[in-house]
Amino acid sequence: MEQLIQQVASGLANGAIYACLALALVMIFVSTDHINFAQGELAMFSAFMCWQLLELAVPFWIALPAVVLISFVLGVIIERVILRPLHDAPVLSIVVVFIGLLTIFHSMAGGIWGHTIKAFPSPFPKIAFPGSAYFGPHQVGMILVTMLLLVGLFAFFRLTPLGLAMRAAAQNPASARLVGVRVDWMLALGWGLAAAIGAVAGTLVAPVVYLEPNMMSSILLYGFAGALIGGITSPGGAVAGGFIVGVLENLIAFLGDITERATGFYIIGNGEKLTVALIIVITVLTLKPSGLFGDVSVKRV
Amino acid sequence: MTALLEVEGLRAFYGQTQALHDVSFSLEPGGITTLLGANGAGKTTTLRAICSMVHAEGAIRFDGQPIRGKATEEIVRLGVGHVPEGRGTFTNLSVDENLRVAAYTRRDKTAIERDRDMVYEYFPILKARLAQQAGTLSGGEQQMLAISRALMLAPRLMLLDEPSFGLAPLIVQEIFRIMRRINGEAKVSMLLVEQNAALALELADHAYVLETGRVVMSGKASDVKSDEAIRKSYLGY
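Sequences listed follow chains A and B, in order. Sequential numbering from 0 applies to the first sequence in numbering that gives the first Met the number 0. Sequential numbering from 0 applies to the second sequence in numbering that gives the first Met the number 0.
Hints are supplied without guarantee of correctness; some may be wrong.
What the hints assert, rightly or not - So the derived label-pair ranges between C-beta atoms look like this:
#1 A:Gln2 to B:Glu112: 55 to 65 Å
#2 A:Trp60 to B:Leu77: 44 to 54 Å
#3 B:Tyr13 to A:Gly99: 26 to 36 Å
#4 A:Gln2 to B:Lys108: 55 to 65 Å
#5 A:Asp32 to B:Ile111: 25 to 35 Å
#6 A:Ala56 to B:Gly68: 47 to 57 Å
#7 B:Gly8 to A:Asp32: 29 to 39 Å
#8 A:Trp184 to B:Leu77: 16 to 26 Å
#9 B:Thr90 to A:Tyr265: 47 to 57 Å
#10 A:Thr159 to B:Asn38: 37 to 47 Å
#11 A:His86 to B:Arg213: 29 to 39 Å
#12 A:Ala154 to B:Arg213: 50 to 60 Å
#13 A:Pro288 to B:Asp226: 50 to 60 Å
Hints are computed from structural coordinates only; laboratory data are not their basis. Given the structure is predicted, the values throughout are model-derived calculations rather than measurements. Just so you know, even glycine gets a beta-carbon here, dropped at the ideal spot from N, CA and C.
Put together the whole structure using the sequences plus the hints.
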């Protein structure tokens, strides 16, 4: 029982990171209908930038906001410079651009900082919770920071005129232009926010998975799964989906462990966690493409 | 008096297809002008061209200033409120948010509040529905909301694209009555596109008749209305 609780708790901690990435994906999807395959690599690059600042002896709580800000600007620039000229391009061209971005950031990180695995210091106190190997102060911190981020974003989108304009632009760009909203800039802002959220996710997960150019590739998959479960159009759903995926992968590994001990056969376990994410993706897409909280898209013909 | 809106030799294109061939007209400040014509005559395209929503050539001047080729949102910010075909409701936002986002470009808080009250006075039903998701409003209410959104921009010119479309006659009468009040009280000039020619000529003081992308006749609304030949050949009633 105690082990079960631990697994759920650490699942929530990982889920917080998946939730952030899922949210970043949704942020870009709702306004452009594109899935940003480079989201994970951007987050990885941000984590490296944060590491670099820490190496230069900048305190963590200054380095993090600085990196979030830099990532925001980077996201805006990517939208304005690379994607803006392609706004009428077919979806496949955009996908290729995303894959190109993915490769570019991957290689740049490797080129600048190397491919060896680096430890990333946790900003949270290094005391272990009694009887727990997977759940410590860093995990609590991940959940708390994610929650804070979500509350902040929620307030921004619900309470500020700019947030309202961004929602209007995502929902009905033609009408948004007709009330004077500069829709192009709203898209760029959406990219900036997505990159900033990714930066938080990357920096928080780096102490857990260690820092290297491949660190986000599997995490991005979990993020996809989370976004899809929640319904790719719903920010709240993406967050819930991220947490669900985090807990689900741990529970399935945990159940596999129990059956192995009971029967002596290894059926499923830690090694198949990523498989779980992929199964979720396929199941959601085939059985309920609109996810748990998404809009059912209806097209009149 | 200088014209509020001047359109000269306007040509507009959807891809390779030319929808407007040579449309010229002008609009005096304070008045209501209507563009009439059959389906496909180019009425909606003319409105869309004024707001840069379709590729156009020719000259468009708003208050003496050339606006052709400017971005839609910049033209809107000059004081052109476009009530689009299909109403353009932000369906996932609440009625209140629809109205708030329409005042997004303005910073004059007290004037915004005053315009809010004006909207509530014209369309009391919207005040009762503030918290409701706009997509759940009836067609008539969405049309009222569309006009209100344009009104919240504090425009000098309102472009109205078939405000009567798909609505019950009683609702249409109500909306047209309010439009007359907006024109008189809020001093908003109007360019009205309508299929329902009889209704439009009732409200407007000037009329232009379009046929396949060209202006074929123009004049005072009362003259057009009383000219049986025009009515029969172009307006179908």
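Hint numbers the structure violates, sorted upward? No hint contradicted; all consistent.
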